[in-house]
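S.K.: Each of the two chains sits in its own frame; use the hints to bring them together as a complex.
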Amino acid sequence: MKLKRLRLEQFRRFRQPFQIDGLTPGLNLFTGPNEAGKSTLVAALRAAFFERHRSSAVDDLRPWGDSAATPSVELEFELGGHDYRLTKSFLHKKRCELKWNGQQLDGTDAEDRLAELLGFQHAGKGASKAEHWGIPGLLWISQGSAQEIREPVAHATDHLRRALNASLGEVATSGGDALLTQVEARRNELLTASGGKPRGDYAAALEQEKALGTELAAVDQDIAQYRQKVDRLASLRQEHARESLEQAWVGFRAQEAEARARLEALQGIERELDLTRQQQSRGEERLRLLRSQLDNFEREERELLSRRDATTAAQRALDEATAAVLLWQPRRDEATRRYDNARRALSLARQEDTRRSLTRSLDEQRRQADAAGAALAKAEAAHADLQALHQRAAAGAIKDSDLKTLRELSARLTENRIRREASATRLDYALDAGVRLTLDGQALEGQGERRLLDTSQIELPGLGRLTITPGGTGLADLQRAAAELEDQRSALLQRLGLGSPEEAESRAESRRQLEADLRGAEAGFKALAPRGLDALRLEHSQRHAGATEAGTLLAALPPPPEQAPPAVAAAEAEEDAAREALSILDSQIATARLAEHSARAALDAATREQASAQARLDDPARNQRRTAASTELTDARAEQDALSRRADGLARQIADAHPDILRQDVERYAKSADTSEAQHRALATEIYRLEVELETAGARGLDERRAEIERDLAQAHRRSTELARRAAALDHLLTLLRRHRQALTQRLQAPLQKHLNRYLQLLFPRAHLDIDEHLGPGPLTRPSPQGEETGTLEALSFGAREQMGVITRLAYADLLREAGRPTLLVLDDALVHSDETRLAQMKRVLFDAAGRHQILLFTCHPEKWRDLGVAARALDSTRLP
Amino acid sequence: MIKLLHTADWQIGKLFGQFETDDASALAEARIATVEGLARLATEEQVDLVLVAGDVFDAQGVADKTLRRLFNALAGYPGPWVMIPGNHDAGLAESVWTRAARLQAIPANVTVCLSPAPLVLAAPALAILPAPLTQRITYTDLTEGFAALDTPAGLPRIGLAHGSVQGLLAEGIDSSNPIAAGRAAQARLDYLALGDWHGTRQVDERCWYAGTPETDNFKGNDSGNALLVEIDGPGALPRVTPVATGRYHWHDRTCALLVGSDTDRLEEELAGFGAQDVIQLSVTGHTDLAGLRRIQRAIGAASGRVRSLTADLSALRLSPTDDDITALQADGYLGEVIDELRQGQEGSDPVTAGVARDALALLASLLDEQRGGDAR
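Each protein sequence line maps, in turn, to chains A and C. Here the first sequence is numbered in our numbering, starting from 70 and rising by one per residue. Here the second sequence is numbered in our numbering, starting from 350 and rising by one per residue.
In short, the hints are calculated from the structure, not lab data. Please read all numbers here as calculations on a predicted model, not as lab measurements. Treat the hints with caution; some may be incorrect.
Unchecked claim - DSS-like mimics (lysine-lysine), calculated; alpha carbons at most 30 Å apart, straight line:
id: 1; chain 1: A; residue 1: K298; chain 2: C; residue 2: K414
id: 2; chain 1: A; residue 1: K162; chain 2: A; residue 2: K71
id: 3; chain 1: C; residue 1: K352; chain 2: A; residue 2: K279
id: 4; chain 1: A; residue 1: K298; chain 2: A; residue 2: K198
id: 5; chain 1: A; residue 1: K279; chain 2: A; residue 2: K73
id: 6; chain 1: A; residue 1: K823; chain 2: A; residue 2: K740
To be verified - Across the chosen pairs, the derived CB separations fall in these ranges:
id: 7; chain 1: A; residue 1: R942; chain 2: C; residue 2: E718; range: 57 to 65 Å
id: 8; chain 1: A; residue 1: S304; chain 2: C; residue 2: S374; range: 37 to 45 Å
id: 9; chain 1: A; residue 1: T754; chain 2: C; residue 2: Q453; range: 39 to 47 Å
id: 10; chain 1: C; residue 1: R654; chain 2: A; residue 2: T765; range: 44 to 52 Å
id: 11; chain 1: C; residue 1: Q453; chain 2: A; residue 2: Q748; range: 28 to 36 Å
id: 12; chain 1: C; residue 1: R602; chain 2: A; residue 2: V761; range: 47 to 55 Å
id: 13; chain 1: C; residue 1: T633; chain 2: A; residue 2: N826; range: 52 to 60 Å
Note that CB positions come from ideal geometry on N, CA and C, so glycine has one too.
So that you can see chain C by itself, here it is in the shape it has in the complex (with noise of 0.2 Å):
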């Protein structure tokens, strides 16, 4: 029986802009440390190889230094790692990989396959089939001469490869890199690695994608796992249980708030996040200035606990009650003003709605202030 980690699209070299400095630090940290994670994990698991199944680093011009901390990363598993790069670490004439190698930065016991020749491993004994992307693009189905490919008799035959499998995913979802379905049965593969796909799926009984051991964004697609498969032999069905390797857990919220006590439920969806959680929150409907104030505790509170949230109330319009109004003693013209204000964010352009509703915010927030000071 062989025991074998599949695993994929680790995106090493992310950088995940579109959150604050330090958080944005964390997550692209956490992709080493899951690697490590990968390492000791295989060696817990005692299996006879890791596979990768392509886009280990999100981008060619890596630095050094991060090329350097992802192989030292794979120290933790002393066997036999085989990698392909994907499209966004391709095999090109010059890439990441060639530069890797001339920083001899890739440690012995990891094959990186640049060429689609066939990997026969003495220990464990199989033969693996890889599917390299030398493009960066490529509209032709790299793993279509699998099928000519012989391996000796009695071993195994593992495809590895990176780009989706046609008919399955979601339209305009990484069409070019075509791989086609139901290429495990017809090469004769006892299994097929994929990558690319950055949720775990299975695509047929001997082929799956493996997914990213960390998650990295929000699309809540089942990722954050590896996969440990079992083949007993060729020819025999692998056993395929999936693991989860995350760390952080990704949530893209949006609550629309249309009575009070969806404050409430807001307040206490919000309270349940940890340290562990990434958040992207989008608050809609509509509330007034104390149900404002709650949230905006609510969120201050979270950001506080969770990795990172980032909420956008920007579709969220205020409605100030006459309690409100009466509290911030808007008198007079003021009064005139938040009825403007109020009415300005039903407006039927986004742009000047969404003024008018800041303005509407910000009016509130000072005549609070001046009432606290007030009341000082």
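Here chain A stands alone, though its shape is the one from the complex (with noise of 0.2 Å):
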């Protein structure tokens, strides 16, 4: 297309007509200030094509001021080798007309047929927009709008295409997109755009198929067990038959009735050997008796040996006390004899000492006399009466412990006398006339009685002696006690000078009766002489009174012996010896005779026991009880033995028979009945409750409710199968309209990729622009410092983003040049944010394309573009005519 006229009246700036004509078909430069109409210029460019001349929206058409305008656009082009003249009025004079080569279009025709040349749209109503404006709208870039690509692209897509198509071939469909639209509609009804999952009636039909299915799967379950529990009532009526004719129970009791029989025969058994065994404890306590009876007479019999035997015993030691007593008795004669001896020696020593002792004191007492009567012949004128009282008391002066000694010996030998008389061994005799005998010496006539205190010879004249022993223990002791009592009171009366107890009592009766008188003649005689002259005279009387005693004493002293006593002392020692002797002997023949009476004794209840024992033996009542104890031992024992076997035969019969497993017998057989009869009963209540439930089951119609769902499934399933496939179908369907369609745009970019690639080259060398499936410009890829980078357009600054709009509209213009598409490239102050570097090469592709394109530049910036070898139009409205 190539613009080659334009006029313009009552447009805008242009009241007046305005007119550029001789326009080249490259580049052409119109240069003005601001408000010189360059922008007019362009409006009634588009105003020309793009706005319906009935349209009642284009007031801003007119100039300002005038609403009476008739604003009017003349525009003269070339186009696919015709020479086209476009008249179009606005407002006021409403008129469109359109002549080419003889031919002339008016009105709505006109325009139309200029839409489809150019490719764009009228708008339905109102003022044209930019969605209607198509190719032009792409290639008439507005002031300050040359950055902007997508929209005026998106708004020529479908243009492009139809103008593509034509270029390739007719290889677009006409249809096409609309199928493509429909077939996704229709899948996306039943799968999900962008999961492919189905949805809708599919989902539904799935959803049913597979509720159906669970329902089919729960029945065939019901039926299942429906049929299992059929089964079970045959299989349990089987057996409840079976158990009915068999009533194992029945066996079972019977069983558990015999071994209960069997038990208690048992039980008998047992209480019969309690019972045998009680008796063998029995027979046990009874030969116990026995032999303890048995046991008894032997013991009996075994006594009788020991008795014997300790009567020998017995014997025997009165034998040897026997002979003990005959042992001691001659050495008890030998002692009696010393003792006699030393007892007279010892008389006589004493007898002897008392001698000497009187002849000395008789001596000294006439010594002391004569001494003492000197002196008191001169008191005793004065003391006559007191001298013969001291004369009479001198006299019978007895000592009061002599007196006591003297009266205790007379007592100790009147009881031994007495005591003597009682155990003496009495004499009697009466002799023949004539006839003489001599006793101890002494001559026995006639008759009397002698008490024979000691032993004593009798001398029987021409016969022997006879010789007498008093017996009894004391007798001997007796004697010699009171001959030793008589020998001390001899001796004491002797140094008393008394001849008898009797007189020394009277003696000291008298002496009493003096010392009164005494004590009566000192109290006168202390009168006359109060000092030591009484005592002189009194002891003149005692010594004169002591010599005449003591020469009394002497006289009455026996004749001294012929032979000299041995020494009182000696005489005293060998008497106790003697006696000490005598004595132990005495004890040893006491003891002696004391163990023969007691050996005697034993003996006698030896034997009298050994009697007894005897006696016992000899009873024959005795042997009769043993013989029949003997006999009924042999007889208890026989039958011990009897019942010992039958104990054990009881026992071994009733362990033959195992009680313990016999009660576990009845008790096995009574549960096993029990068992048996409960299961037969259980089975019975199981098969009635298997009919109820069967019965029951059997009304729900199970098979042909199976076979409802089984029919109601298979539809369900022939439905969602063939939705299935009718899925799948669309779902490939689209698929393949989609690959197909993308290979389309892909083969429709090729070309314009070629283009934009050429453009792009003078501006970015080894940049890339990819084209997107609308036919707009894609990601930008270019080479930097760090290799490659890539971003979009909209990434890129003002000033590139300009440029490349510039280009990108260019590389359309080829395209759709070469597909025989009118191409008109409008630039209202375009590029005015570009560099000079970047000026300078956006010159150069714009004279280039110009080569192939109508350009139409306009600047307000002439100066810049001076070097684009065309001559610029100055406008300027103001100065036209």
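M.R.: Here it is, written out as structure tokens:
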């Protein structure tokens, strides 16, 4: 398309007619300051093509303030080898006229023809908008919108495609996209757009199929259960019938009864065994008794033997004791003789001792008496009374101690004599006349009695001698004690000068009288001779009397023996020793005699006991008893043996019968019977339960229900399968359509790509711009220090975007031209943001493009475009006529 | 002379899920109606007895209502009916029979033999030896004991059994519940009435399968009959006459479209079917878009006429001609898509080939619509 002439009238700035002609096929540069009318020219172009001449929404085309104006545009252009002339006026005179080659179209027809020729649409109502502008909208760049490329391309895509289809030999389909949309819509009814999952009817059908499948499975399970129950019922009935026939419990009961009977029989045996054992234990008791009886008999016999032994032993002991007594007798006699001798010697010794003492005393007394007599004579006159008294007192003076001793001795002698007489051997004799016997040297004649206190010998003239030894233990001692006492008393009497104890008593009495008198006389004497004189007199008297007394005593003494006796002490010692020895022997002999007595008594006892034992043994009844016991023992033993055998037999019998097992048998059979009976009853119950269950279940018509579900399921399955097939087919179809469309688009893009890259290399060497599905510019890839960088156009600087906007449009123009479509490029003050270098590059680009396309370039910076190689047309609306 | 009607395999309660709901219920309904027809037939033919050789019910668990309807359907023939259970309605501990008895649904003139005890009838005077199935499946020959069973002299001996005669039918068909070949002669039977095989079939001169009186599948084995059996007396050979009793005729058709005239033939055949027909149609081969439209039209027309028509076109390949493509105005990349689908349906993988076929048919119909829309 080549614009040749443009004429305006009553159009915005141009109230007066304004015409530009002689436009060149290539680059046309219009310069002018702001408000000079550049944009008005562009607006006129747009209005001529895009706005319906009938449109009432084009008031802005009028010059300001001129409401009656009729804005009109007249264009002459060459297109497809034809020269067209378009005349269009608005508002006041609405007219449109297109003429070419003698043909003419008016009004809307003309406008539609234009739209078809250039590739745009008219607005249905109101003012034309960018979305209607199509290809001219893309190629005609309004002031300050060069950088905007995406939107204009989108509005032009269909036109571009159509244009491209032509150039590619009609590979694209006319209804393809509509069909694709339809397929997609139908597919998306069944499948989700993104995931391809079933939805809508398809999903519902699957859901129903699944639900029916579940239901079918449930019913199948019910049926399977039902069948199982039927089978179970059959087998239960069979079992029940068999059990009823068998009646196993009856057998078990019989077995139980039998076992119980056997158990009871066994219990009888057990009782018998108990009885036998009791008998056994009683028999044992009896055996024990009998054995003890027999033992008793044996013990008695043994006892007799031991009694005999004891008697023998006792006899022997007696013999020994008697022998001992005989052994001790002579020794004792010897000891007696020795003792007598010693006693006599001691008596003599004491007599002689007394004699010597008396003699000495007599001498002393006489000497002292002479001395005292002298002193006394001096005081005798004064004390005549007292003297006499003293004389008397001295004569009868006996010491109280002596008296007491004497009395004691007399008393003991008396007692001794009584005891002796009591135990003395009495010898009565009655001798024939003329017969004279001698008893211990004393002649015995006639008749009389003697008490023999000691061993006495009786001389029987012509016949021999009788020795009589008095018996009894104490007599000899008594005899001896009597002699001793007698001796002591005699000695004391001798010493006291008394003839007898009675004399001593009387003298003691006289003395007590005298002393009383003396005390009186002394009291008188003391008045006369207060000191010592009386004592002297007394002493004189005493001495004198003492001497007298001593002489008396001495005279009273028997004559001294021919042979001088030993000393008193020696005699006493000998006497003691002899007495001691005698005493020992007495004791020995007494012991021996005692032993003899004991032995004899023991012998007597033993003999008696032996006799008694013998007597018991000799009892004839005892023998009978013993024999009887012995026989009984034998019998009892035999009986015990029999019982024992019987008990063993019974025990064995019991053990062999295994009573515990038998008891278990009873229990087991009873339980078995109970169990089998209970089972039988349970079986009947279960059969009944099953019957009821089956009746109930049978009424549900399960199989028919299953058939219904299966039928529904089959239908649901058919439906879902159909839908699945339809979905699969639609999906497949959509995929194919998309793929082929994509392939086609790629084929369409190829030439565009070619043109684009050509310009791009001038601006950005080695850069590459992708084309998207809608033929819009995609990401830009260009070399960078880091390798390559890729980004959208929007990411570029404003200047660069402007430049990209221009070269992209140039590429579209190239594409359209190749497709034989009209191209007219209008750049209204474009590239004002480009720097010198880029602008220089862009000028090269534009110059190159101008070789193929007519380009109208409007600028207010004429100096920047001087080097384009074309003359600039200066516009100034104010200068118009 | 004794005249009896021998039938079997009524399969009452069968629901035919493979059909659309109304078709299925009509077919199920027909089974009861056919039993009513049998009763009428028995009355018309003045038979002495009706023998039903098992599988009266399709399953144990039929609804009480169905059960009652069946026994009500027998009312048309007041004479004696003797039935045995088959494998589908075996005389189990709890079965459709015990239930029927409990419901008191069994009329007095119907005898159900649940045990193998011989049944001696006074009028007509004959002895029936039944071999009822008391298990779902048995591998022993229940007719084994027939020979040992003595029946009153002078009475015809009729055996009644359900199972497969050994060596007669194809291997694998109900090979359980066996019946020895030659049983009728061996057990001195005058006639052995069998059930289980749904086609009418003579086993030997004294032994027949009656087949089901109302066809229930597409096997095409001469089903839909009952047998009129005439026996002159003990020892005489029976005269057996099959009588058609079925209402619906089942057809299983496979049509291979190889040349253009095949489509014509298919159209003719479909036009020939009537209201009593149940058809299962499978079309293979290939056709162009026009052929496909014709076939679809013919199927649609037949569907409205017959009882049931199930058509399977999944194996039919579409081969649009250039004219088709032109007619469809499938220019640009649409043409490419059609080409690809056309090749795709020839692929070796049946699934993807099927998808391609479906997609092609779909595309064609969409374009058809579009064009129709344009034409308007």
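S.K.: Report the numbers of all earlier hints that the structure fails to satisfy, in ascending order.
M.R.: 3, 4, 5, 6 and 9
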